[in-house]
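There are 2 protein chains.
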Amino acid sequence: MTARNAFYAQSGGVTAVINATACGVIETARAHPERIGTVYAGRHGILGALQEALIDTAGESAETIAALRHTPAGAFGSARYKLKGLEENRAEYERLIDVFRAHDIGYFFYNGGGDSQDTAHKVSQLGEAMGYPIQCIGVPKTVDNDLPVTDTCPGFGSVAKYIAVATREAGLDVASMAETSTKVFILETMGRHAGWIAAASALAREGEGDPPHVILLPEVPLDEQRFLDRVRESVERFGYCVVVVSEGVKTADGQFLADQGTRDAFGHVQLGGVAPTVAAMVKNQLGYKYHYAIADYLQRAARHIASATDVEQAYALGKAAVELAIAGEDAVMPTIVRESDSPYRWHIGRVPLAEVANVEARMPAEYIDESGLFVTESCLRYLRPLIAGEDYPPYRNGLPDYARLAGRMVEKRLPAFGA
Amino acid sequence: MTARNAFYAQSGGVTAVINATACGVIETARAHPERIGTVYAGRHGILGALQEALIDTAGESAETIAALRHTPAGAFGSARYKLKGLEENRAEYERLIDVFRAHDIGYFFYNGGGDSQDTAHKVSQLGEAMGYPIQCIGVPKTVDNDLPVTDTCPGFGSVAKYIAVATREAGLDVASMAETSTKVFILETMGRHAGWIAAASALAREGEGDPPHVILLPEVPLDEQRFLDRVRESVERFGYCVVVVSEGVKTADGQFLADQGTRDAFGHVQLGGVAPTVAAMVKNQLGYKYHYAIADYLQRAARHIASATDVEQAYALGKAAVELAIAGEDAVMPTIVRESDSPYRWHIGRVPLAEVANVEARMPAEYIDESGLFVTESCLRYLRPLIAGEDYPPYRNGLPDYARLAGRMVEKRLPAFGA
Numbered sequence: 001m002t003a004r005n006a007f008y009a010q011s012g013g014v015t016a017v018i019n020a021t022a023c024g025v026i027e028t029a030r031a032h033p034e035r036i037g038t039v040y041a042g043r044h045g046i047l048g049a050l051q052e053a054l055i056d057t058a059g060e061s062a063e064t065i066a067a068l069r070h071t072p073a074g075a076f077g078s079a080r081y082k083l084k085g086l087e088e089n090r091a092e093y094e095r096l097i098d099v100f101r102a103h104d105i106g107y108f109f110y111n112g113g114g115d116s117q118d119t120a121h122k123v124s125q126l127g128e129a130m131g132y133p134i135q136c137i138g139v140p141k142t143v144d145n146d147l148p149v150t151d152t153c154p155g156f157g158s159v160a161k162y163i164a165v166a167t168r169e170a171g172l173d174v175a176s177m178a179e180t181s182t183k184v185f186i187l188e189t190m191g192r193h194a195g196w197i198a199a200a201s202a203l204a205r206e207g208e209g210d211p212p213h214v215i216l217l218p219e220v221p222l223d224e225q226r227f228l229d230r231v232r233e234s235v236e237r238f239g240y241c242v243v244v245v246s247e248g249v250k251t252a253d254g255q256f257l258a259d260q261g262t263r264d265a266f267g268h269v270q271l272g273g274v275a276p277t278v279a280a281m282v283k284n285q286l287g288y289k290y291h292y293a294i295a296d297y298l299q300r301a302a303r304h305i306a307s308a309t310d311v312e313q314a315y316a317l318g319k320a321a322v323e324l325a326i327a328g329e330d331a332v333m334p335t336i337v338r339e340s341d342s343p344y345r346w347h348i349g350r351v352p353l354a355e356v357a358n359v360e361a362r363m364p365a366e367y368i369d370e371s372g373l374f375v376t377e378s379c380l381r382y383l384r385p386l387i388a389g390e391d392y393p394p395y396r397n398g399l400p401d402y403a404r405l406a407g408r409m410v411e412k413r414l415p416a417f418g419a
Numbered sequence: 001m002t003a004r005n006a007f008y009a010q011s012g013g014v015t016a017v018i019n020a021t022a023c024g025v026i027e028t029a030r031a032h033p034e035r036i037g038t039v040y041a042g043r044h045g046i047l048g049a050l051q052e053a054l055i056d057t058a059g060e061s062a063e064t065i066a067a068l069r070h071t072p073a074g075a076f077g078s079a080r081y082k083l084k085g086l087e088e089n090r091a092e093y094e095r096l097i098d099v100f101r102a103h104d105i106g107y108f109f110y111n112g113g114g115d116s117q118d119t120a121h122k123v124s125q126l127g128e129a130m131g132y133p134i135q136c137i138g139v140p141k142t143v144d145n146d147l148p149v150t151d152t153c154p155g156f157g158s159v160a161k162y163i164a165v166a167t168r169e170a171g172l173d174v175a176s177m178a179e180t181s182t183k184v185f186i187l188e189t190m191g192r193h194a195g196w197i198a199a200a201s202a203l204a205r206e207g208e209g210d211p212p213h214v215i216l217l218p219e220v221p222l223d224e225q226r227f228l229d230r231v232r233e234s235v236e237r238f239g240y241c242v243v244v245v246s247e248g249v250k251t252a253d254g255q256f257l258a259d260q261g262t263r264d265a266f267g268h269v270q271l272g273g274v275a276p277t278v279a280a281m282v283k284n285q286l287g288y289k290y291h292y293a294i295a296d297y298l299q300r301a302a303r304h305i306a307s308a309t310d311v312e313q314a315y316a317l318g319k320a321a322v323e324l325a326i327a328g329e330d331a332v333m334p335t336i337v338r339e340s341d342s343p344y345r346w347h348i349g350r351v352p353l354a355e356v357a358n359v360e361a362r363m364p365a366e367y368i369d370e371s372g373l374f375v376t377e378s379c380l381r382y383l384r385p386l387i388a389g390e391d392y393p394p395y396r397n398g399l400p401d402y403a404r405l406a407g408r409m410v411e412k413r414l415p416a417f418g419a
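Quick mapping for you: the protein sequence lines, in order, are chains V and P.
One point on numbering: in UniProt numbering, the residue at position 281 of the first sequence is 281, and numbering is uninterrupted.
One point on numbering: in UniProt numbering, the residue at position 74 of the second sequence is 74, and numbering is uninterrupted.
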């Protein structure tokens, strides 16, 4: 069996550990030169394949590839680009096959969320239909933790840890100032459709009265009165209140709370910002002094406080993806299979892409408590091991020393797409 | 000479390392039992003295006191409470002396910014006038880095490191997504009157094209056209633009940019939020997709990524404060004296409180470049050593294990104030 090349691409929103997966893919591929020639990485994800913009990872030293393990964001560039259905835009899929053929690419590793698994699945089907042999392996990634089958998604554990740490630290700050200053602190987290990230803030609580005091989840339509009652109760009992709110929280009529029509001085609608909306509620109805933080990209890029468990799993899934390919598998995705919560034990499993593509995993109802304003112990049991362990990057001059790629491009062999 | 007790209070906004100073004060006092009896800490800062709400630190184990070194925020509670002038409210000052007398307090350590140094100075003067012997030592603290004489203020180095790390990490995120998604990222930092914190983001830049690309400082009135030109130039040359903006940025007519009259759906003025204002400018004038983060308390509470230099200096200043008191000094503040930038060398100095009280240190003009949109190399030379080194807290269950005080209160001996 002769070696064939591999194509690797990062897709969608990046994370603190997606490069650890890339590291697992490339290091494992390099360990099997008899089966895998060169790993070409798509510049800006799947666009790199469409545009034949391929980064030659053979041009990167072993040290640089190893450093990807501790480097956040997408080192090769990611893309928010969803291929249309096969029937709507067959040309795009055929272009992918053309590029793969031109560079003797026999393995396609697609590192992303639900959409990406769907794309990997379609490419596998098309390769077969076009008589071009290609093995397509999906590799999970998403801070939203919304892929089915796998116990968790790389990227989530680190953002969960970041939010839990931030909640504990800012909570101490507010507790120490509340007597004469801010009484209500609001932390806005990512999570447009699922409350996993906001829920992780609950890990900061050790005993009664500890922050967070309220968690607002997209799964629970906001009951403004119930929420305000809880805030008042917290301030009266503990002197302050820490609220963690997911960006995806909705009103009872199904609208995003962040889209409540805030306007600037020129009358322009201000986009986003569920935190200021919640803050205004607190201020106007209860009169408490507030502050809010919007963590935004800081939370998903925070490699400096990544979960060691998350980093390990991210790498292991990249490695497993290559091993599945070498074992002859196609149209599958490696997964995390949990064996036990405590002690935490897990192993790598696999699932056919057909079972993953476009299926969204929601937070189970039993993870949300009766008030709808906090999570349950079973949720905490699930979350705890995911943030375990620290995995600090190396530092230089007081700052994390992240990888910089040489980024050598592969010479193009085809005309431009659409030209 | 018999031992007398000490009073220690935290004042104003808390930091990642003010408890490290408390640790230095208490550990050093404990090492000199022949001179210092018990350290009483004010619950909620100076309010604790006015209300005779004194925390008996003798009730805390050596382990708990040692753990303060790695615990953020104000463990004894801080307060935003400025004593009025002596002539306006002499009763408050006399109450302080009464409480000190009732508990045989001969040392007053006041840990705060310019206002607090002023208060410590006045208490010293009043003690003398009232014939009550008390040595008043100011201990510097402020994330704003705006105390005069001292080279830097504990708390600043850690928030500087946080902002530089966040800028580097979020910058990598935006760089990897910009091809198909967010092109402009805005990070709002603290700094109502001085741009030190926003300036520290510049430490993230290693080479041309690295983020941050623009820094907006309170010292430079916003020139909207010049700013937008720089943003467009950055997006065109590098594909994206990272803007770091201080909350205190003002318009040419001297108004805070954050007070531009944003209103919510109910017509209420929305407070704060310079980031969304800048974002709206970018969106409306240039049309770029943006995201913004507001770090708020996360930045000053982030003990998990504290600067080792900052922690060391915070502790050393607490220790020095006690040593100054033991040496018989009064109405002074220990300072950081820089000997050289690189290698960074410093020692502890001292300054009379009269020279510190109510004097605000601004960023020197030569630290801001000609465009007004970035800092100079001399600014970076000043900043670099302040973020050097990591000083990680211990972790338990994936989260920083911060100190929890027993918080035993001293029995009151006086009637309530004002009763």
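Hints are supplied without guarantee of correctness; some may be wrong.
Intra- or inter-copy, both count: the list cannot distinguish identical chains.
In silico EDC-like links for lysine to aspartate or glutamate, alpha-carbon gap of 20 Å or less [as the list claims (entries may be wrong)]: (1) K250 <-> E63; (2) K84 <-> E179; (3) K82 <-> E179; (4) K289 <-> D98; (5) K283 <-> E179; (6) K283 <-> D259; (7) K412 <-> E390; (8) K283 <-> E206; (9) K289 <-> E27; (10) K82 <-> D56; (11) K289 <-> D259.
Worth flagging that the hints you see were computed from the coordinates, not collected in a lab.
Predicted, not measured: the structure shown is a model, and the values here were computed from it.
Now the hints, each set against the structure:
no. : hint          : in the structure
1   : K250 <-> E63  : neither (46 Å within a copy, 46 Å between copies)
2   : K84 <-> E179  : between (56 Å within a copy, 19 Å between copies)
3   : K82 <-> E179  : between (51 Å within a copy, 14 Å between copies)
4   : K289 <-> D98  : neither (61 Å within a copy, 33 Å between copies)
5   : K283 <-> E179 : within (17 Å within a copy, 39 Å between copies)
6   : K283 <-> D259 : both (19 Å within a copy, 17 Å between copies)
7   : K412 <-> E390 : neither (42 Å within a copy, 45 Å between copies)
8   : K283 <-> E206 : neither (28 Å within a copy, 42 Å between copies)
9   : K289 <-> E27  : neither (52 Å within a copy, 35 Å between copies)
10  : K82 <-> D56   : neither (24 Å within a copy, 62 Å between copies)
11  : K289 <-> D259 : between (23 Å within a copy, 17 Å between copies)
Hint violations for this structure: numbers 1, 4, 7, 8, 9 and 10, all remaining hints satisfied.
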